[in-house]
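Residue numbers (my numbering), protein chains in the order written: chain U, 1 to 717; chain W, 1001 to 1163.
Keep in mind the hints are simulated off the structure, nothing from the lab.
Be a bit skeptical, because a hint or two may be false.
What the hints assert, rightly or not - To be clear about the criterion: a stretch of chain W counts as covered by chain U if any three or more of its residues have a C-beta under 8 Å from a C-beta of chain U, and this derived list gives those stretches:
id, region
1, 1029 to 1036
2, 1052 to 1064
3, 1146 to 1156
Claimed, not checked - Simulated crosslink set (DSSO-like; lysine-lysine; CA at most 30 Å straight-line):
id, chain 1, residue 1, chain 2, residue 2
4, W, K1130, W, K1158
5, U, K472, U, K548
6, U, K99, U, K56
7, U, K197, U, K548
8, U, K197, U, K561
9, U, K572, U, K702
10, W, K1081, U, K561
11, U, K601, U, K561
12, W, K1158, U, K197
13, U, K572, W, K1158
14, W, K1081, W, K1022
15, W, K1158, U, K601
16, U, K382, U, K213
17, U, K250, W, K1022
18, U, K439, U, K213
19, U, K56, U, K213
20, U, K237, U, K411
21, W, K1081, U, K213
22, U, K237, U, K250
23, U, K570, U, K601
24, W, K1158, U, K213
25, W, K1022, U, K213
26, U, K237, U, K408
27, U, K99, U, K250
28, U, K601, W, K1130
29, U, K197, U, K56
30, U, K601, U, K702
31, U, K408, U, K382
32, U, K250, W, K1081
33, U, K561, U, K548
Given the structure is predicted, the values throughout are model-derived calculations rather than measurements.
The C-beta atom is built at its ideal place from N, Cα and C for all residues, glycine as well.
What follows is the residue order along each chain.
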Amino acid sequence: MSIFDRANLAVSRRQLLIGASLTGAGLVIGFKPHAVAAASEPFAPNAFIRIPQEGKITFVMPSVEMGQGIYTAVAMMLAEELEVGLDQVTLEHAPADPKQYANPLLGDQITGGSLAIRGIYEQMRKAGATARIMLIAAAAREWGVSPDACKAEAGHVVETGGSRRAAYGSLITAAASEVVPQDVPLKPASSYRVIGKPAHRLDSPEKVNGTAKFGIDARPDGVSYAAIAICPHFNGKLRAVDEAPAMAVKGVTQVVRIEEAVAVVADNTGAARKGLAALSIDWDPGPSASVSQSELERQMDAAIDGKALPHVNEGDVARAEAEHGPVHEFVYRMPILTHSAMEPMNCTVHVRPDGCEVWVGTQIMSRARQAAADVTGLPLEKVVVHNHLLGGGFGRRLDVDGIILSTKIAKQVSGPVKVTWSREEDIRHDCYRYLNYSKVTATLGPDGLPVSWRHRVIGPSVMARWLPAFTKDGVDLDQMGGAESPYAIPNRQTDFARHEAPDGMLTGNWRGVGATRNVPPVECGIDELAELAGIDPLDYRRRLLQHKPRLLGALELAAEKAGWSSPLEKGKGRGIAVAEDFGSFAAMIAEVSIGADGRFKTDRIVCAVDCGQVINPDTVEAQIQSGVVYGLSAALYGRITVENGAVVEGNFDDAPVLRINETPPIEVHIVPSAEAPGGIGEVGTPGVAPALLNAIFMATGKRLRTLPIDQTDLRRV
Amino acid sequence: MERGAALGADGRMPYNLTVNGKSYAVDVDGDIPLLWVLRDTIGLTGTKFGCGIAMCGACTVHVDGLPVRSCILSVSEAAEKPVTTIEAIGDTPEGRKIQQAWLDIDVVQCGYCQSGQIMSATALLAANAKPSDDDIDAVMAGNICRCGTYPRIRAAIKLAAQG
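Excised from the complex, chain W in its bound form:
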């Protein structure tokens, strides 16, 4: 049992989460966003808080293989489904390619939004092996970067698509 299990105030373990292949029983209200359970209860801090209203994409994780904004996805909705976060996305072929392209091109600046960028880009590549500029725009417009790494994000996704 992972750390989250120890935090139950009343001994009940109402939600079973599967994150990066590990099981966690978490004792929180069902409407608490998955983001905070990941970060605070389980301790996976790679997933970031940016806006709380699904406008910036910093909190993007994969649930059932699809990208979701964990700041508005309640823990009850995520329970019993496989959740993948930035900490394990490198275990997928697309995630590995995207991360390598991010390193090759040195996309990151402050880096805060990059977990979410990489999760969105990985989902894009998984769904579309050769994304066009318009495809990239359509998916990645949901992720804000204030350092302005957009030109390199575009280049890195294209590089990953070649590999």
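Isolated chain U (complex conformation):
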């Protein structure tokens, strides 16, 4: 039986809304089921558990699964307090309903920012405990004993010291009339039986046998298939297209024109792609047609010394610079990046006069639903979004541009239509990580340690568009994340020189968000200062991190496991980077060797992470490896360029990503911790590029300050 309950979500949602009352689906636990009694009061519980009379218990997943293992982690948290085994549950995607399924830290139904477990760790355990306490109370009442004389184990209530035992399913009628406990006590971590122990992923079987359903696998009855060509030029539009060549292709039924795109609809995607390829589309390139890479980079360079908004300001940087000089300055330049999730963008939409259904994998359910409502003009309640597994997220599926385009197309199509982006369309119409530059300026004291640190961040403000609450006085708080460095430097100043991408080029969130843009200049910058001071880079960081015990702990563990102090052969180098974000602390040591031809090879990466209370240690290892591979890909290959107001690259041939033969051994070591859980999906990415750059410096004496790494010739200078 599938771990995913394929029940119609509309039905299950109705059941959820009934809360702790008994339904055909069983007992439903929410946080405010007492509201059931007052029928006039709107009832909107968080609802994560459905216990049927017979069969598996359903857990409803408030966060979406894009590989990070959250479905297994949520199930572990619920199962811990509900006292059931992971083999006793089935999982269900939550419907779009932020009132019930918003991440408490984000206030919306968003999976991103490594905030899933951080946001719901307590909520999930309480949901499980509430259900357990009600089931125990029901059994105790039936048996005429105190609830204290009963306990729960493996989906049963058991009379302690007695012989009576009742399966949860047999108690649901009685449990539904129990008073919902408030402020339920939670187990201490020392009693955890599920949390913190390695567990197999619950989604593995389906993903191994081909039955897992991603958005692209949706096949509602009567579906047709569309291929899409979006105007390649930013803000460009469709001028004209003769549909005849496409209509001549067997299986093609329709050519759809919208303002910015053409779609060919057919009875299979292959025919739709063939029809689309047959078209000669006349695009109006619009006002951005002359935008070129060299011009974009020139503008960024100009912005380095332009106007900026102040952010962090500690001590007196100007005075420290005047007193201590000289001032050392380093400029780091980072490229435009795509997400390149393996599942290309796609969305299936059925627009009817009385409603709209959307089948998609999205990180942002409520905005997905709103987008379809906006495009169709239908009331929100007439839009149903069926969420799916995501074939990679990385921030790409935090935007709903694909849902908007697909719904526009679907408005012109009779019946459901699945719009599938080609890889080229996916790469040329991403929500890009835009050019990000950094200028770091520092002075050293007599002991060689920094006394002043300025960091100017140059780049766009994604948050101004995407989450304005995460800006302050015009400063993008995500873009500035960690720019001041974690180091004990008495005088620190950061500022934000906002510089946007050209009009029409969408910029968005990219794995590791602010940390991936600021950790490279910070960690390379501190390495440069260590070199200037003549102090070992590990020792330098140690001396500056005495006030950060968790980050220091991760650094010490990584250094020990990597054998930092052991001698290296000629032509090899090691580099360090630390990253503190998402409630977690990571240290990474890269070891590289330079071949006789000047090409470098990553020999291994050793990572130590303190992410607080671990839910599933196996997932922590997998996610750090994942973050490292994603970071390696970007460090070695990530670079999108623009010419004629359009993205040049289009597929894995000219926009390559890391492959298995280029992947070094990646060691992951977990620092034991009882602190609150931190995020783990992103903290492995930011340190990769700086660790590599610092290792290359040690091996070659060459200080590279531009990403991706220029691998053409790294022979020692």
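Position chain W relative to chain U; hints supplied.
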């Protein structure tokens, strides 16, 4: 007759496919890639679209027992030959071993590329019972994974080779 047969626009059934032991008559142009016939016409969605130019391996299936990229293999070339997809690879000894190793090691993350990874790994194991690291690199470098499951793919292939 399976579902694909019903989609013929003009009643002709020009291509006979044998997929996972079942016969399908499909009425599409001969140059349509097998991938789309599998996914859209027949409804076997385990085989995935990733790049369309045989650069990522997500669409890997076996034709005549050999791994091919179904995004560039035309349906006319696949006709009359046995095609095996992820949905049935567990019926082969190597496929079963690979799938079990994938479960034992929990290779998958997002899972989207894993059908193709498993099809490539199964073909590797069928041709080479004890693949070295270099053998694994040579074959599996054709399959991209953006979640970075590469270290576990390597470990799982080695585990399967022991079993």
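Evaluated hints:
1. Figure legend: the region 1029 to 1036 of chain W, annotated as covered by chain U; annotation consistent (6 residues with Cβ-Cβ distances under 8 Å, at least 3 required).
2. With 5 residues bearing a CB less than 8 Å from a CB of chain U, the region 1052 to 1064 of chain W meets the requirement of three and the coverage assertion stands.
3. Look at the region 1146 to 1156 of chain W against chain U: 9 of its residues bring a Cβ nearer than 8 Å to a Cβ of that chain, three or more, so the hint holds.
4. Between W:K1130 and W:K1158 the alpha-carbon distance is near 8 Å, which keeps this suggested pair within the 30 Å criterion.
5. About 26 Å separates the Cα atoms of U:K472 and U:K548, which keeps this hinted pair within 30 Å; it holds.
6. Distance check on the hinted pair: U:K99 and U:K56 sit about 26 Å apart at the alpha-carbon level, within 30 Å; holds.
7. For a cut-off of 30 Å, the pair hint linking U:K197 to U:K548 stands: about 27 Å separates their Cα positions.
8. This hinted pair checks out: U:K197 and U:K561 have alpha carbons roughly 23 Å apart, not beyond 30 Å.
9. With a C-alpha separation of about 13 Å, the suggested pairing of U:K572 with U:K702 holds against the 30 Å cut-off.
10. A hinted pair counts as satisfied when its Cα atoms are at most 30 Å apart, and W:K1081 with U:K561 does not qualify at roughly 52 Å.
11. Proximity of U:K601 to U:K561 is assessed by CA-CA distance (about 20 Å); at most 30 Å being required, the pair is judged to hold.
12. The hinted pair formed by W:K1158 and U:K197 meets the criterion: a straight-line CA distance of about 25 Å does not exceed 30 Å.
13. Between U:K572 and W:K1158 the alpha-carbon distance is near 29 Å, which keeps this suggested pair within the 30 Å criterion.
14. Our distance criterion of 30 Å between C-alpha atoms is met by W:K1081 and W:K1022, whose separation comes to about 11 Å.
15. A hinted pair counts as satisfied when its Cα atoms are at most 30 Å apart, and W:K1158 with U:K601 qualifies at roughly 23 Å.
16. With a C-alpha separation of about 24 Å, the suggested pairing of U:K382 with U:K213 holds against the 30 Å cut-off.
17. For a cut-off of 30 Å, the pair hint linking U:K250 to W:K1022 stands: about 25 Å separates their Cα positions.
18. Taking the CA atoms of U:K439 and U:K213, the gap is near 45 Å; set against the 30 Å cutoff, the hint is violated.
19. Between U:K56 and U:K213 the CA atoms are separated by roughly 20 Å; this keeps the pair inside 30 Å, and the hint holds.
20. Between the alpha carbons of U:K237 and U:K411 the distance comes to roughly 19 Å, so the proposed pair stays at or under 30 Å and holds.
21. Taking the CA atoms of W:K1081 and U:K213, the gap is about 27 Å. The hint holds against a cut of 30 Å.
22. Restraint check for U:K237 and U:K250: satisfied, since their Cα atoms lie roughly 28 Å apart, inside the 30 Å limit.
23. With a C-alpha separation of about 14 Å, the suggested pairing of U:K570 with U:K601 holds against the 30 Å cut-off.
24. Under the criterion of a C-alpha separation no larger than 30 Å, the hint pairing W:K1158 with U:K213 is consistent with the structure, at around 28 Å.
25. Between W:K1022 and U:K213 the CA atoms are separated by roughly 22 Å; this keeps the pair inside 30 Å, and the hint holds.
26. Between U:K237 and U:K408, the direct Cα distance comes to roughly 14 Å. Compliance with the 30 Å bound is thereby established for this hinted pair.
27. With a C-alpha separation of about 47 Å, the suggested pairing of U:K99 with U:K250 is violated against the 30 Å cut-off.
28. A hinted pair counts as satisfied when its Cα atoms are at most 30 Å apart, and U:K601 with W:K1130 qualifies at roughly 26 Å.
29. At roughly 22 Å between alpha-carbon atoms, U:K197 and U:K56 fall within 30 Å of each other, so this suggested pair holds.
30. For the proposed pair U:K601 and U:K702, the alpha carbon gap of about 15 Å is at most 30 Å, so the pair holds.
31. With a C-alpha separation of about 16 Å, the suggested pairing of U:K408 with U:K382 holds against the 30 Å cut-off.
32. A hinted pair counts as satisfied when its Cα atoms are at most 30 Å apart, and U:K250 with W:K1081 qualifies at roughly 23 Å.
33. Taking the CA atoms of U:K561 and U:K548, the gap is about 20 Å. The hint holds against a cut of 30 Å.
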